[in-house]
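Residue numbers (the working numbering), protein chains in the order written: chain A, 483 to 584; chain B, 165 to 816; chain C, 1400 to 1897.
These are calculated hints, taken from the structure and not from any lab test.
Any given hint could turn out to be false.
[Unchecked claim] Each computed DSS-like pair below joins lysine-lysine, with the alpha-carbon atoms no more than 30 Å apart: (1) Lys1768(C) x Lys1885(C); (2) Lys484(B) x Lys1768(C); (3) Lys1429(C) x Lys194(B); (4) Lys484(B) x Lys542(B); (5) Lys736(B) x Lys542(B); (6) Lys723(B) x Lys551(B); (7) Lys194(B) x Lys1511(C).
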Amino acid sequence: MISYYLLFAAALFSIGAYGVLARRNVLIILMSLELMLNGVNIVFVALSLVPHGVQMAPGGHVFVLMVMAVAAAEVAVGLAIVIALFRTRQTVDINDLQMMSG
Amino acid sequence: MEIESSLYLIPLLPLVGFLVNGLLGNQLPKWLVAVIACTGPFIAFLLSVQALQALATHPEGLHQAMFSWISTGTLNVPFGLQVDALTAIMLMNVTGIGTAIHLYSYGYMHADPSFSRFMAYLNLFLAAMLMLVMGDNLLLLFVGWEGVGLCSYLLIGFWYQDFANVDAGRKAFIVNRIGDFAFLIGAFTLYSLTGTLEWHGMEQAVAALDLNAMVVSGPMTGMPIMVALMIAGLCLFGGATGKSAQIPLYVWLPDAMAGPTPVSALIHAATMVTAGIYLLGRMDFLFVLLPAVMGVIALVAACTALLSGLIAIAQNDIKKVLAYSTVSQLGFMFAGMATGFFHTGLFHVVTHAFFKALLFLGAGAVIVAMHHEQDIRKMGGLWKDLKGVSILFIIGSLALAGVPPFAGFYSKDAILAAVYYQAASPGASPEWMVIFGMLVFTAGLTAFYTTRLVVLTFFGKPADEHRHLHEVHWTMMAVLAFLAALSALAGVLGLGTWLDTFTHHVWSPPAVEVNEALEHTAHYVAMGSSTAVVVLGIGAGLFLYLSESRREALDRWTKGSGARVYGMASHKFFVDEFYEAFIVNPIGWLAKLLWGVVDRIVIDSGIVEGSALSVSGFSAALRHTQVGAVSAATTSTLVGVIVVVLWLVLHG
Amino acid sequence: MADFPFLSLLTAIPAIGGLLLTLVPRSDDKVIKGAALVTSLVAFVVSIVMWTRFQPVGAELVFVEDHVWVDQLNIHYKLGIDGIALAMILLTTLLSPIAILCSWNSVVKQPKGFFLSLLFLEAGMIGVFGASDLFLFYVYWELMLIPMALLIGIWGGPRREYAAIKFVLYTMAGSLLMFLAILYCWLHAGTFDVQALQAFLPQNIPFQVQMWLFGAFGLSFAIKVPMFPFHTWLPDAHVEAPTAGSVILAGVLLKMGTYGFLRFAIPFFPTAAVACTPIILMLAAIGIVYGSLMSMAQTDMKKLIAYSSVAHLGFVMLGIFSGTQEGAQGGVAQMINHGISTGALFLLVGVIYDRTHIRGLADFGGLAKTMPIYATLFMIITLSSIGLPGLNGFVGEFLVLLGTFQTHPIASIFAAMGVVLGAVYMLTMYRHVFFGPENPRWKDLPDVSPRELVTLLPLVALAVLLGVMPGPLLRMTEAPVANVVKSLHAVKVVEVTP
């Protein structure tokens, strides 16, 4: 039973990872990141079904809430950066941003 | 008013004068500046007289403890003032002549735009000098010691717009600092032996030392106490050679003549330069234990006297002649101190202050009259126009030359007698006879160059028939007359005998045995020989310089066959050049070399920037791994994560 | 009132003042300066009040505040000062308003950031002297580096970036080693508390390890002092730094090195300190003569004074490691004296630099005529710097030399040569700038303004006061210094017996 949840979570995570690696649009990369985070969230929630000793362990739920908060903040900051980026360079293509090249 | 509790006023009053004139002097009228500047020293003089009188009822001396200055660990340096017979004599000297010269300075300097600054410096000098002689410990003496050095520096370079003056002042300060270096080492040595810096404590501690034992603690452990004391004595004398212009540190004093003439009279003749003699007198308890050191001091002193006497013959600047003569007379004083008959040296300090101040101030009057001309070859015949100054100057010259019955005769005679007494005592080291010979010869030289100075300045044909002499201010004449009276009469009135009895109880008894018969012989030998050489010296001087034709012959000789001998003397035996070439310049080169090579190249470029460059080289190689594409970074991260996870799964 | 958190308040005042500055609009120049000045003055007043309440018994710490900061690692927010720290804090709070006031008109670029940096710097410095927890000390130690580097790197002269980077790298190199040593101490003692470490470390660390740890602490402090041959960052930093930066750098920052030796390195590892004494004394004595010779070779006023600091701090190190009460107290007195006289010297150079934007010795001449008040103040400070008796410099130098002579006479004699050389380079500088014929180029220079006078007079007054009456300063530092000296001597006894 639990393995379905985990497979679903892994699929979600992998799709997200693929998006992050393969897409060039920064916006899509950010959305893919959200997918990865949600994949992890599902693992947390799913695993709280597994008894830990005698009682259920709701610790995973706490982390889920935390991750959601962080993700929201991250999107806010990330989008702000993307907008600033677009304003200054008129592009959101990740391959055009190679200032850090050594 | 109880004088013992108001001793602090003596140095404080001139200090107040300094502060008032230094801060407000520019706004005040000149007469008020002069009144402020002269009042402090004058009241200090009156207080000194009171202190001197009080000594009659307090033979052990007056002492005023004020506060603890530096106190840490086992060291405790109080801030206290004391007056004993020795200090009292110095006080009279400093405040008495000091006041007179302040008065003279009004006449001499009142037209100068920086008059108030000048008077302020003079006041500061007096305060420091009084601190020097009144401090109740070695460190307070050092405060005054450096303080007078500072004032000397400021006053030599008083006309600071001319670099020559400033450099002379700087030279004086730095040469004195070299002496102070020795002084400090001597003080440290003495402190580690006695554990105190106070005169009283040191005297007792030194008396309690077992001279045949070894030092058992402190930095000189294992060294014989005698050797340690000798190091202390020699180092302190080293300090004295700086301040009192003896070989090897005398070179600053002639240059110091760049300062205004009252300064030369006050600081560089009458008071500051006798600080070294005062130091020896103050530390008599140490020096009487060290006959070998005393021998060295006497020898250095005699050499200094002779050398500078020789140089004085060939100088043409009226102040330079007097300056070298001062160095020479200081040699006499040191020789007197070195015999262990300390009152002889002190006596010469006092009489020398009278006549040398008179001579310098007289020279100042001449210089003013001649519109700031100092070359004696351009004077001549001043007798006719400056009768008053001439008579007073000649009185001073007679005293300097040692003609009886002027003051200089008595004091120089006392020193010569003391030296002869040393030399003729059974078991005396033979060097003392040599020293006696050198000093007698120098006495003759003194008479000779003094005669030369007087003849060239006041007699003969005027160098310029149409000169218009500047008027000499009345305050200057008054001071000259006062000093001339002292120079003429001090000896006759028995100042020497009085000094001997007055200060007798402060000195530690000399090492040689008292032998009355020998004392009488010494007295006659000294008187006889010095009178003979003085007559010879004056005679030779008159013979050579009074007649126009012989003078010209002499001139020809100095430019012709005698040029080499005469050149040595007129170029001061090239001592300055020697120091320049072997000490001053090498240090400068060393500084530039160390800076250029060690600091900038070895340490900075080599070690510091070298290590930075090696790091940046390494990172330059590493940075090629940074391609800058986000996808590359994320891909490599993912690959890393997969590798780690696989490893954990397979090996976990 | 002994429990009143003076130290927290003192660190907080400039920090909060700095934060409030960020709220002021950038264009309100006057408000920024005024607020900065008021803040630093308030801190100064508070430190004076603290001084009046300072009544320790022996060498104990007073005004102690102890709060747990990170429980798991046993890190405490612990403050507390002894006499030495109090003297240093007073110097800091005195120099800070002076530094702010002296930059009144000279900072045009981003004044807000400048004064903000100065205030944060002050907070950091007070924290360093007040910290009684090693971790907290390290935090302040590093914190203080940032505003100083900014002061040099942003508001400095033409080579400011080079100087700032050199300053940071030099200091970081040392402090990283120190951090490792601190961690080692923590691993073995389980605490960062300075007093606990003082009791624990000397007894429980083997000699070999002590040597390594002392080396790590010592190197970090030696760079800060700076001791020869770790001094080359100093001339660059001083020459490039703005006047206020130089004043603080010379006045306070350098003393942190010697303070570190007194407070940490020696009491923690006394055996190693004794073992290293000969080499430290040698470096100190060389530093004195070498620094003086370097000064003689300079043509830039600031560089000359910077190198003279190397010589003066050499005296401090000599005194601290002399192993005598006299020498060590002389060293501490010299720390304060150098802060006053060299701080004042940099202020004085700043005065003409503001007017002319030139600092070369040969570019001036005859200024004594054009600027008499300035010349007088400069002369007094010059004399204080060369140790004229009656002014502050003498007391320190004399005590150091006297103390060192009792234990290491050769080092003392060698160092005493620095006294002669000191007179040479300082008087030479004075000669070139103030004497000689008037340079027509500068004949219209105005004399010191009232504002500049306000910055200079306190320091000149202190130079005179501490020279005539060093008693209060010596008494304030007597007990803690005696503690340090005692820890050195305790070792000697142990060494002799086996």
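So, going through the hints one by one against the coordinates:
1. Taking the CA atoms of Lys1768(C) and Lys1885(C), the gap is about 53 Å. The hint is violated against a cut of 30 Å.
2. Simply put, Lys484(B) and Lys1768(C) have alpha-carbon atoms about 29 Å apart, close enough for the 30 Å limit, and the pair holds.
3. Between Lys1429(C) and Lys194(B) the alpha-carbon distance is near 45 Å, which puts this suggested pair outside the 30 Å criterion.
4. Restraint check for Lys484(B) and Lys542(B): satisfied, since their Cα atoms lie roughly 15 Å apart, inside the 30 Å limit.
5. Our distance criterion of 30 Å between C-alpha atoms is met by Lys736(B) and Lys542(B), whose separation comes to about 21 Å.
6. Of the supplied pair hints, the one linking Lys723(B) and Lys551(B) is violated, its CA atoms being roughly 33 Å apart against a limit of 30 Å.
7. Distance check on the hinted pair: Lys194(B) and Lys1511(C) sit about 51 Å apart at the alpha-carbon level, beyond 30 Å; violated.
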